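Asks: Listed here are the chains, written in short residue letters.
Protein chains: 2
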Amino acid sequence: MADNGLIVLGLDPGTRVTGYGIVREISGQAELVATGTIRTPAKKDMATRMGVIFDKLQELIRLHSPVEAAIESVFVSKNPSSAIKLGQARGVCMAACATNNIPMGEYEPTKVKKNLVGVGSAPKSQVAFMVAHCLGIKKPDWPEDASDALAIAICHLNERRMRKLTGR
Amino acid sequence: MADNGLIVLGLDPGTRVTGYGIVREISGQAELVATGTIRTPAKKDMATRMGVIFDKLQELIRLHSPVEAAIESVFVSKNPSSAIKLGQARGVCMAACATNNIPMGEYEPTKVKKNLVGVGSAPKSQVAFMVAHCLGIKKPDWPEDASDALAIAICHLNERRMRKLTGR
Chain A
1139 MADNGLIVLG
1149 LDPGTRVTGY
1159 GIVREISGQA
1169 ELVATGTIRT
1179 PAKKDMATRM
1189 GVIFDKLQEL
1199 IRLHSPVEAA
1209 IESVFVSKNP
1219 SSAIKLGQAR
1229 GVCMAACATN
1239 NIPMGEYEPT
1249 KVKKNLVGVG
1259 SAPKSQVAFM
1269 VAHCLGIKKP
1279 DWPEDASDAL
1289 AIAICHLNER
1299 RMRKLTGR
Chain B
1139 MADNGLIVLG
1149 LDPGTRVTGY
1159 GIVREISGQA
1169 ELVATGTIRT
1179 PAKKDMATRM
1189 GVIFDKLQEL
1199 IRLHSPVEAA
1209 IESVFVSKNP
1219 SSAIKLGQAR
1229 GVCMAACATN
1239 NIPMGEYEPT
1249 KVKKNLVGVG
1259 SAPKSQVAFM
1269 VAHCLGIKKP
1279 DWPEDASDAL
1289 AIAICHLNER
1299 RMRKLTGR
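As they're listed, the protein sequences go chains A and B. Position one of the first sequence corresponds to residue 1139 (our numbering), numbered consecutively onward. Position one of the second sequence corresponds to residue 1139 (our numbering), numbered consecutively onward.
If you are wondering where the hints come from, they were derived from the structure by calculation, not from laboratory data. Warning: the hint list may mix true and false statements.
No copy labels: a pair is met if it fits in one copy or bridges any two.
Straight-line distance between alpha carbons at most 30 Å, and here's what the computed BS3-like set of lysine-lysine pairs gives [as the list claims (entries may be wrong)]:
hint: 1; residue 1: LYS1182; residue 2: LYS1194
hint: 2; residue 1: LYS1262; residue 2: LYS1252
hint: 3; residue 1: LYS1194; residue 2: LYS1262
hint: 4; residue 1: LYS1182; residue 2: LYS1249
hint: 5; residue 1: LYS1252; residue 2: LYS1277
Keep in mind it's a predicted model, so treat the numbers as computed, not measured.
The following block holds chain A by itself, in its conformation from the complex (with noise of 0.2 Å):
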């Protein structure tokens, strides 16, 4: 049988942006599959926008088929307003994905950091580098929001090594 791979799906979001990476490991390498963002229509009223995210996810989910999922924790310092805007985006990446049988892994922002770079406190250019690092990608040219969700797709992979080979 030939080896597909396991596309796991990275997510960063946000009510504004949310960022998307998709990477498939093959033969214990990770390769860029798709990444980007999902901009939400700034006007429009928020149901609306949280619509607009679940129906690109949908859309990304058909055409690439991931079969696990990965996002950051929640981060706690935020203000009970933007942790609202937060939760709400993060709602739909969890819906659109539990809907879809895709189980999902949740990291926390240090755990990632740590994951990549080997210290948790790293700032997010290292992140970056070590993301298109792993992927191989020489000059990568995706914004922050979507290296972000490439790193949480990459950690996810490389836990996932981790506790097969420690039978975790």
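Given chain A, work out where chain B should sit, using these hints.
Replies: Just chain B now, with coordinates in the frame of chain A:
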């Protein structure tokens, strides 16, 4: 043409319990179509729970074909952690409606109370009483979250009628 009435879906989102209330307005009179709660499995991860809410809403929408929806505006005094959770359930409700092209009205909690009872600070029991009264139900047997969702649906119908009358 027969008047099948306007069917509205009211939602009271929560990660643990989401209340729904489906009301039909026919010849200026609100009548109950369906109401209840969506309970999510507490032991499952958040994404799975959000999927349960989404799938159940999809089912309700398919079954009852609401043409408009309504939800309470964000309540901002919660702490960031519960605000994120509330936001997640809200996002799922919004996406479920938007992906089915159901426009959603948002009303502040005090607006809903004022609309039904006449006083923005009315106690929950009084709102529940008016919900049952508006729907012509003598002995309501639904839980509080369902009643809250029905209140939002009825508020939406009333506000809608008012807007139509005043041409706003």
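Asks: Each hint: holds or not?
Replies: Verification of the hints:
1. LYS1182 - LYS1194: Close inside one copy (16 Å) and across copies (26 Å); limit 30 Å.
2. LYS1262 - LYS1252: within (12 Å within a copy, 48 Å between copies)
3. LYS1194 - LYS1262: Intra 26 Å, inter 39 Å, cutoff 30 Å: intra-copy only.
4. LYS1182 - LYS1249: between (35 Å within a copy, 22 Å between copies)
5. LYS1252 - LYS1277: Within one copy, since 23 Å is at most 30 Å while 58 Å is not.
When the structure is compared with the earlier hints, no violation turns up for any of them.
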